[in-house]
Amino acid sequence: TLQDSKDDELVMMCLDGFRCAVRVSCIFNTGLVRSAYIQSLARFTMLNVNSGFSEIKPKNLETIKTLIAIAFTDCNYLEDSWYDILKVISQLELAQLIGTGVKTKFLEKETMMDKKLVSTLQQTLGNSANQNVIVAVDRIFTGSPRLDGNAIGTYAL
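512 is the number of the first residue of the sequence shown in my numbering; add one for each residue after it.
Keep in mind that the hints were calculated from the coordinates and are not lab data.
It is possible that part of the hints are untrue.
[As the list claims (entries may be wrong)] Quick list of in silico lysine to aspartate or glutamate cross-link-like pairs, EDC-like style, CA-CA up to 16 Å:
id: 1; residue 1: Lys-517; residue 2: Asp-595
id: 2; residue 1: Lys-598; residue 2: Asp-649
id: 3; residue 1: Lys-517; residue 2: Glu-590
id: 4; residue 1: Lys-576; residue 2: Glu-604
id: 5; residue 1: Lys-576; residue 2: Asp-649
id: 6; residue 1: Lys-517; residue 2: Glu-566
id: 7; residue 1: Lys-568; residue 2: Asp-519
id: 8; residue 1: Lys-568; residue 2: Asp-515
id: 9; residue 1: Lys-517; residue 2: Glu-573
id: 10; residue 1: Lys-576; residue 2: Asp-519
id: 11; residue 1: Lys-576; residue 2: Asp-591
id: 12; residue 1: Lys-568; residue 2: Asp-518
Remember, it's a predicted structure, so these values are computed and weren't measured experimentally.
Build out the structure end to end from the sequences listed, making use of the hints.
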């Protein structure tokens, strides 16, 4: 399975399967199926404040990239799944803030900040390959004029 696999090729094939399944569910307007796939991918990113971001591995970053690719290509058909995608993007931004060593009042209350966590996030999110993720996220927001009327309604909510 995706969660247990350490084989990069198998992980990429699983993520491509998820991407295709979301695409098909968008085309056939099966909202429940689309939401289930998107939510599964969102959980697998491991971008969760409660997990402390310490479990993020390369396959989790690939999952983030897959979600961002889905958001860009299927933007007009995501409906209520935008919530899960935008939440992942928000959590990614939070993880990057932690990786830079920024402490906020929210972080001091909700998570235990230690040097090991900051170091892990700097290593995981700081390399140049992962900067492409930031550019892809920016493309989602700058591409928002491409959204049709229905998509704008769900994207903005």
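Which of the listed hints are not met by the structure?
1, 3 and 11
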